[in-house]
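Trainee: Going down the list, the protein sequences come from chains U and Y. Reminder that position 3 of the first sequence reads as 3 in the numbering used here, one-by-one numbering, no gaps. Reminder that position 58 of the second sequence reads as 58 in the numbering used here, one-by-one numbering, no gaps.
Just so you know, the hints here were simulated from the structure itself, not pulled from any lab data. There may be inaccurate statements among the hints.
Lysine to aspartate or glutamate pairs mimicking EDC-like chemistry, simulated, CA-CA at most 16 Å apart [as the list claims (entries may be wrong)]: (1) Y:K52 to Y:D80; (2) Y:K26 to Y:E38; (3) Y:K191 to Y:E181; (4) Y:K184 to U:E311; (5) U:K340 to U:E294; (6) Y:K26 to Y:D164; (7) Y:K180 to U:E401; (8) U:K345 to Y:D119; (9) Y:K113 to U:E273; (10) Y:K203 to Y:E181; (11) Y:K76 to Y:D119; (12) Y:K113 to U:D301; (13) U:K345 to U:E382; (14) Y:K203 to Y:D164; (15) U:K340 to U:D301; (16) Y:K113 to U:E354.
Computed footprint of chain U on chain Y; a stretch qualifies when at least three of its residues, placed anywhere within it, have a C-beta under 8 Å from a C-beta of chain U [said to hold, decoys possible]: (17) 45-56; (18) 99-105.
A few chain U residues that don't get close to chain Y, going by computed Cβ distances all over 10 Å [to be verified]: (19) L37; (20) F39; (21) L186; (22) I205; (23) I206; (24) R231; (25) A264; (26) Q272.
Computed from a prediction, not measured in an experiment: that's the story for all the values here. All residues carry an ideal CB built from backbone N, CA and C; glycine is no exception.
The lines below spell out each chain.
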Amino acid sequence: MESPERSLLVRSEKRMIAGVSGGLSAHLGIPLNYVRLGFIALTALGGIGAVLYAWLWVFVPSAEEAQADEIRSWGTRTRSLAEEMTRVQQGIFRSREGLETNSSWREILIGSGLLVLSVLALAQWSGWNIRWDLIWPGIGILAGILLAWLQLDEQATQAAKKNSRPVLIRMGLGLILVIGGLLTILSGSVGISDLLGGMWAALAIIAGAVIVLLPWGTRLWRDFLAERSSRQAAAQRAEFAAHLHDSVLQTLAVIQKRSDDPAAVRTLARIQERELRQWLYGNQDLNDEDVVVEVQHEANDIEQLLLRDVEVIAVGNAQGFDGQQALVAAAREAMMNAAKHAEGKISVYLECSEESVEVFIRDRGEGFNVEDVPEDRHGVRESIIGRMQRAGGTAQIRSSETGTEVQLSMPRSTTQEEQTS
Amino acid sequence: MSIENSTQSYRVVLVDDHAIFRSGLKADLASDMQIVGEAGTVEEAIAVITEKQPDVVLLDVHLPGGRAGGGAEVLKNCADLLGTTKFLALSVSDAAQDVVTVIRAGARGYVTKSISGADISDAVRRVAAGDAVFSPRLAGFVLDAFGSSTAVSEIDEELDLLSDRELQVMRLIARGYSYKEVAKELFISVKTVESHVSNVLRKLQLSNRHELTRWAVDRKIL
Numbered sequence: 001m002e003s004p005e006r007s008l009l010v011r012s013e014k015r016m017i018a019g020v021s022g023g024l025s026a027h028l029g030i031p032l033n034y035v036r037l038g039f040i041a042l043t044a045l046g047g048i049g050a051v052l053y054a055w056l057w058v059f060v061p062s063a064e065e066a067q068a069d070e071i072r073s074w075g076t077r078t079r080s081l082a083e084e085m086t087r088v089q090q091g092i093f094r095s096r097e098g099l100e101t102n103s104s105w106r107e108i109l110i111g112s113g114l115l116v117l118s119v120l121a122l123a124q125w126s127g128w129n130i131r132w133d134l135i136w137p138g139i140g141i142l143a144g145i146l147l148a149w150l151q152l153d154e155q156a157t158q159a160a161k162k163n164s165r166p167v168l169i170r171m172g173l174g175l176i177l178v179i180g181g182l183l184t185i186l187s188g189s190v191g192i193s194d195l196l197g198g199m200w201a202a203l204a205i206i207a208g209a210v211i212v213l214l215p216w217g218t219r220l221w222r223d224f225l226a227e228r229s230s231r232q233a234a235a236q237r238a239e240f241a242a243h244l245h246d247s248v249l250q251t252l253a254v255i256q257k258r259s260d261d262p263a264a265v266r267t268l269a270r271i272q273e274r275e276l277r278q279w280l281y282g283n284q285d286l287n288d289e290d291v292v293v294e295v296q297h298e299a300n301d302i303e304q305l306l307l308r309d310v311e312v313i314a315v316g317n318a319q320g321f322d323g324q325q326a327l328v329a330a331a332r333e334a335m336m337n338a339a340k341h342a343e344g345k346i347s348v349y350l351e352c353s354e355e356s357v358e359v360f361i362r363d364r365g366e367g368f369n370v371e372d373v374p375e376d377r378h379g380v381r382e383s384i385i386g387r388m389q390r391a392g393g394t395a396q397i398r399s400s401e402t403g404t405e406v407q408l409s410m411p412r413s414t415t416q417e418e419q420t421s
Numbered sequence: 001m002s003i004e005n006s007t008q009s010y011r012v013v014l015v016d017d018h019a020i021f022r023s024g025l026k027a028d029l030a031s032d033m034q035i036v037g038e039a040g041t042v043e044e045a046i047a048v049i050t051e052k053q054p055d056v057v058l059l060d061v062h063l064p065g066g067r068a069g070g071g072a073e074v075l076k077n078c079a080d081l082l083g084t085t086k087f088l089a090l091s092v093s094d095a096a097q098d099v100v101t102v103i104r105a106g107a108r109g110y111v112t113k114s115i116s117g118a119d120i121s122d123a124v125r126r127v128a129a130g131d132a133v134f135s136p137r138l139a140g141f142v143l144d145a146f147g148s149s150t151a152v153s154e155i156d157e158e159l160d161l162l163s164d165r166e167l168q169v170m171r172l173i174a175r176g177y178s179y180k181e182v183a184k185e186l187f188i189s190v191k192t193v194e195s196h197v198s199n200v201l202r203k204l205q206l207s208n209r210h211e212l213t214r215w216a217v218d219r220k221i222l
């Protein structure tokens, strides 16, 4: 890790067998397929590649292990106490211990395997008759089984289907190793022709069994799917019920208590409506930092604070542009003024185009003359016009006896991220 | 409003599955609205509308029955009446998919249920006179769909682009301006505003434009 831009040597999550090649290619900056070809070439040269691969497999930590390590050493500095406590509860430390035992288990297994091999080699050297023709296929079978069964473990933890191809390859490799090993052992005691005949018989038996059992199998599978989806539906229903209880039923109770106050009832109903609407089909696809969400949030705030109706219509969306904060703050100030000084509905229209973001705040009050506002009143002059100008935007106020409209415009010079719709 | 005509009364059918809302609306509607029928499901609605052939149908977007198509299904089944009977869609929801679906099925306008009795009576008169009723929300959807800053589009598609004037009108409606205020702002007559809005409605209903489709698909509407 002398050079900072070089990534840690960890076993990659993109993997065919154990992720060694992927990790190596990320670490050395060499294309993945070259690394793989290199291993294959080295394996062809007397098996060095396979040994090197196995060695790296044992001693290089996997990406998840490294990540857990990272979390453990850095987490305390960046997280608050509460988060830390929940993290402890979630058992991150426990899982870390689990990983340790897991990897030490792996080392013990491989060590003892090597020990057994060397004992066998010693025994043969000292004159015993060791059946190597049985042991090598046995090792192959074991390796195949391990390779295939390790998948099971991983599929249970990450139910992602996206990496099904490498899983299939590893399953196939394991299967070939096991079948090849078994056939090699059998071919020692049974003639090749008998073996072939037996294979046909075995295939016939398997085919027959599959035909008979297939309907049961599919039905079991379908039952399993149905059961799983009904469990998901039940969980969703529980979530809905919990939400409705927390919000709607509580509000209805308050409304019943305050039924003598029409204004309060109306506002409560309105706030609840907005909240429920947001929850049911709100801007779930919009980021929290989006200007649309921020203005909506301010509008909700003013609605609750001053018990007024604020309708926000938004076209397009934008975030991360210069002056966004100033725009939202000025919009809030304008909505606040409208709510304080004017009767009737407040309409807010927000339009995000490529060049600029504009906000229009309109009320139906009596109107006022901007020049008539005394010097010492900072609301309009400072918090709206001044704020917008300092951030590079403009603000205009048009007022007549049928209402006032504040027009805010902020040019979009830099855009970090943008999803135009 | 210029459309108001005290000698004329409007035959109205209410379609909504909530009886409470129907009775509340009946009490709220102006005196020149004559309720000639009510319905609570898709089948009832189709039967009542076909029998009574009212001037205006106040149609809830979400209705039980039928093939679960709600208000849009009623509209599809009454398509041959669209020339004489006008439909005004009502909904508690202002979700884009509800609005766009009923409008494209042939409704002449869309209002949310929180609208006041006077406003809804006015909307009924307007729809009955053949105009379109656009709430600020609907104008916002239109602007979103057709893109206020539409990129260069191909020539054969230019026909159903919104004109600059129509975009201006839509933007003002989205900003909360009434038709009268829009007319004053743009120095045109209310009639001209009405015809612009009707044109936009027609384009929204007939348009197969790439942009609209893509917008709808993006939001999983169509």
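Trainee: Next, verify each hint and record whether it holds.
Mentor: Checked hints:
1. The hinted pair formed by K52 (chain Y) and D80 (chain Y) meets the criterion: a straight-line CA distance of about 14 Å does not exceed 16 Å.
2. Between K26 (chain Y) and E38 (chain Y) the alpha-carbon distance is near 10 Å, which keeps this suggested pair within the 16 Å criterion.
3. Restraint check: the Cα-Cα separation between K191 (chain Y) and E181 (chain Y) comes to about 12 Å, which is no more than 16 Å; the hinted pair holds.
4. Between K184 (chain Y) and E311 (chain U) the alpha-carbon distance is near 23 Å, which puts this suggested pair outside the 16 Å criterion.
5. Restraint check for K340 (chain U) and E294 (chain U): not satisfied, since their Cα atoms lie roughly 21 Å apart, outside the 16 Å limit.
6. The hinted pair formed by K26 (chain Y) and D164 (chain Y) fails the criterion: a straight-line CA distance of about 39 Å is larger than 16 Å.
7. At roughly 15 Å between alpha-carbon atoms, K180 (chain Y) and E401 (chain U) fall within 16 Å of each other, so this suggested pair holds.
8. Proposed proximity of K345 (chain U) and D119 (chain Y) is supported: the alpha carbons are some 13 Å apart, at most 16 Å.
9. Between K113 (chain Y) and E273 (chain U), the direct Cα distance comes to roughly 12 Å. Compliance with the 16 Å bound is thereby established for this hinted pair.
10. Note on K203 (chain Y) and E181 (chain Y): the hinted pairing is violated, with a Cα-Cα distance of about 23 Å set against a maximum of 16 Å.
11. Distance hint between K76 (chain Y) and D119 (chain Y) is unfulfilled; the C-alpha atoms sit about 27 Å from each other, more than 16 Å.
12. For the proposed pair K113 (chain Y) and D301 (chain U), the alpha carbon gap of about 23 Å is over 16 Å, so the pair is violated.
13. Proximity of K345 (chain U) to E382 (chain U) is assessed by CA-CA distance (about 25 Å); at most 16 Å being required, the pair is judged violated.
14. Among the hinted pairs, K203 (chain Y) with D164 (chain Y) is consistent with the structure: their alpha-carbon atoms are about 14 Å apart, no more than 16 Å.
15. Proposed proximity of K340 (chain U) and D301 (chain U) is supported: the alpha carbons are some 14 Å apart, at most 16 Å.
16. Between K113 (chain Y) and E354 (chain U) the CA atoms are separated by roughly 34 Å; this puts the pair beyond 16 Å, and the hint is violated.
17. With 0 residues having a Cβ less than 8 Å from any Cβ of chain U, the region 45-56 of chain Y misses the three-residue criterion, and the hint is violated.
18. With a cut-off of 8 Å between beta carbons, the region 99-105 of chain Y has 0 residues touching chain U; three or more are needed, and the interface restraint is violated.
19. Every C-beta of chain Y lies more than 10 Å from that of L37 (chain U), the closest at about 43 Å, which supports listing it as non-interface.
20. Look at F39 (chain U): its CB is around 45 Å from the nearest CB on chain Y, clear of 10 Å, so calling it non-interface holds up.
21. Distance check on L186 (chain U): its Cβ is at least 58 Å (rounded) from any Cβ of chain Y, clearing the 10 Å threshold; non-interface status holds.
22. With a least beta-carbon separation of about 50 Å from chain Y, I205 (chain U) lies farther than 10 Å from that chain, consistent with its non-interface assignment.
23. Listed as outside the interface, I206 (chain U) is consistent with that label: its C-beta sits roughly 45 Å from the nearest C-beta of chain Y, beyond the 10 Å cut-off.
24. Listed as outside the interface, R231 (chain U) is consistent with that label: its C-beta sits roughly 25 Å from the nearest C-beta of chain Y, beyond the 10 Å cut-off.
25. Under the 10 Å C-beta cut-off, the non-interface status given to A264 (chain U) relative to chain Y holds; the minimum distance is some 17 Å.
26. For Q272 (chain U), the shortest C-beta to C-beta distance to chain Y comes to about 12 Å, beyond the 10 Å cut-off, and the non-interface label holds.
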